[in-house]
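Engineer: Sequence:
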Amino acid sequence: ISQAKAIAADEQNIKAKAKNEAVSIVTQARETAQRTQEDTESKISVLIAKAEEIAKKKVFAANEEADATLSAAQIRSNQLVDSHSITLAAKDSAAAIKKQTQEEADAILEKAKEQAEQLLHSAKNEKEQEILSTKERADKLMVEAEKWSAELRTSAGNYAERIMREANDSSTACANKVNESKQKISEAMQKVGNITKSDKSR
Numbered sequence: 001i002s003q004a005k006a007i008a009a010d011e012q013n014i015k016a017k018a019k020n021e022a023v024s025i026v027t028q029a030r031e032t033a034q035r036t037q038e039d040t041e042s043k044i045s046v047l048i049a050k051a052e053e054i055a056k057k058k059v060f061a062a063n064e065e066a067d068a069t070l071s072a073a074q075i076r077s078n079q080l081v082d083s084h085s086i087t088l089a090a091k092d093s094a095a096a097i098k099k100q101t102q103e104e105a106d107a108i109l110e111k112a113k114e115q116a117e118q119l120l121h122s123a124k125n126e127k128e129q130e131i132l133s134t135k136e137r138a139d140k141l142m143v144e145a146e147k148w149s150a151e152l153r154t155s156a157g158n159y160a161e162r163i164m165r166e167a168n169d170s171s172t173a174c175a176n177k178v179n180e181s182k183q184k185i186s187e188a189m190q191k192v193g194n195i196t197k198s199d200k201s202r
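Heads up, the sequence shown stops at 202 in my numbering, and the numbers go up one at a time, no gaps.
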């Protein structure tokens with residue numbers, strides 16, 4: 001019975017340990033997911049910042065190129081008779097350069113945003129998969145703990161039942177031996193009585 005109680009105590013310890021391990025696994029998974037999300041958001045911020053910087057540089061360079069073209073055209077127009085048409089052509093060229101560069105800068109920024117969104121989506125999916133996997137592991141651990149608990153309860157019950165059965169068997173055997181001894185003593189006393197009567201009759 002003491003051993004059965006010890007086994008039952010071990011069962012409680014195993015269940016508590018399994019529960020603590022499951023809680024620890026889930027906590028670690030959440031912390032890892034949180035760190036992953038923070039790292040991803042940091043990478044996205046850096047990516048967008050770099051894209052904006054590249055776009056600004058292109059726009060600035062385009063403005064400088066357009067201004068230089070316009071300035072050169074104005075200088076040349078002063079040297080030629082038909083300065084008006086030359087200046088218009090230079091302005092059109094400068095406007096086209098600005099438009100093209102702005103479109104390129106917008107495309108770079110849009111692509112960077114798309115990449116950032118894809119990266120964030122991928123990170124979220126990985127986090128969800130990791131949490132799901134961790135929950136499955138924790139659930140499996142709890143199922144195994146319950147299984148161990150049931151096996152221990154069964155073993156303890158069987159052991160206690162066997163001990164009680166053996167105790168009952170021993171008690172029955174002892175009672176039988178006592179009855180047998182009483183019977184032998186009674187028979188011996190009867191023989192002694194018969195011998196005494198025989199001696200007196202002589």
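Hints were generated in silico from the structure; no laboratory data involved. Watch out, some of these pointers could steer you wrong.
[Stated by the list, open to error] Below 20 Å or equal to it, Euclidean Cα-Cα: the simulated DMTMM-like pairs (lysine to aspartate or glutamate) are:
(1) Lys-135 with Glu-31
(2) Lys-124 with Glu-31
(3) Lys-99 with Glu-117
(4) Lys-113 with Glu-31
(5) Lys-50 with Asp-139
(6) Lys-127 with Glu-53
(7) Lys-50 with Asp-67
(8) Lys-113 with Glu-41
(9) Lys-124 with Asp-67
(10) Lys-99 with Glu-38
(11) Lys-147 with Glu-110
(12) Lys-98 with Asp-139
(13) Lys-127 with Asp-139
(14) Lys-127 with Glu-31
Engineer: Please verify whether Lys-127 and Asp-139 have alpha carbons no more than 20 Å apart.
Structural biologist: Distance ~18 Å between Lys-127 and Asp-139 Cα, so the pair holds.
Engineer: Do the alpha carbons of Lys-124 and Asp-67 lie within 20 Å of each other, as the hint requires?
Structural biologist: Cα-Cα ~46 Å, so violated.
Engineer: Hinted pair, alpha-carbon criterion (20 Å max): Lys-50, Asp-139. Please report holds or violated.
Structural biologist: Not satisfied, since the Cα-Cα distance of roughly 44 Å exceeds 20 Å.
Engineer: Does the alpha-carbon distance linking Lys-98 and Asp-139 stay inside the 20 Å limit?
Structural biologist: violated, 61 Å
Engineer: Verify the proposed pairing of Lys-50 with Asp-67, using a straight-line Cα cut of 20 Å.
Structural biologist: With a Cα-Cα distance of about 26 Å, the restraint between Lys-50 and Asp-67 is violated, given a limit of 20 Å.
Engineer: Holds or violated: are the alpha carbons of Lys-127 and Glu-53 at most 20 Å from each other?
Structural biologist: violated, 30 Å
Engineer: Under the criterion that the straight-line Cα-Cα distance not exceed 20 Å, is the pair Lys-99, Glu-38 satisfied?
Structural biologist: Judged against 20 Å, a Cα distance of about 37 Å means the pair is violated.
Engineer: Please verify whether Lys-113 and Glu-41 have alpha carbons no more than 20 Å apart.
Structural biologist: holds, 12 Å
Engineer: Lys-99 and Glu-117: Cα distance at most 20 Å?
Structural biologist: violated, 27 Å
Engineer: Holds or violated: are the alpha carbons of Lys-147 and Glu-110 at most 20 Å from each other?
Structural biologist: violated, 55 Å
Engineer: Take a quick look at whether Lys-135 and Glu-31 sit within 20 Å of each other, Cα to Cα.
Structural biologist: Holds. Lys-135 to Glu-31 sits at ~14 Å (cutoff 20 Å).
Engineer: Would you check the hint for Lys-113 and Glu-31, treating anything up to 20 Å between C-alpha atoms as holding?
Structural biologist: Outside the cut-off at roughly 27 Å; violated.
The structure does not agree with the numbered hints 3, 4, 5, 6, 7, 9, 10, 11, 12 stated previously, though it agrees with the rest.
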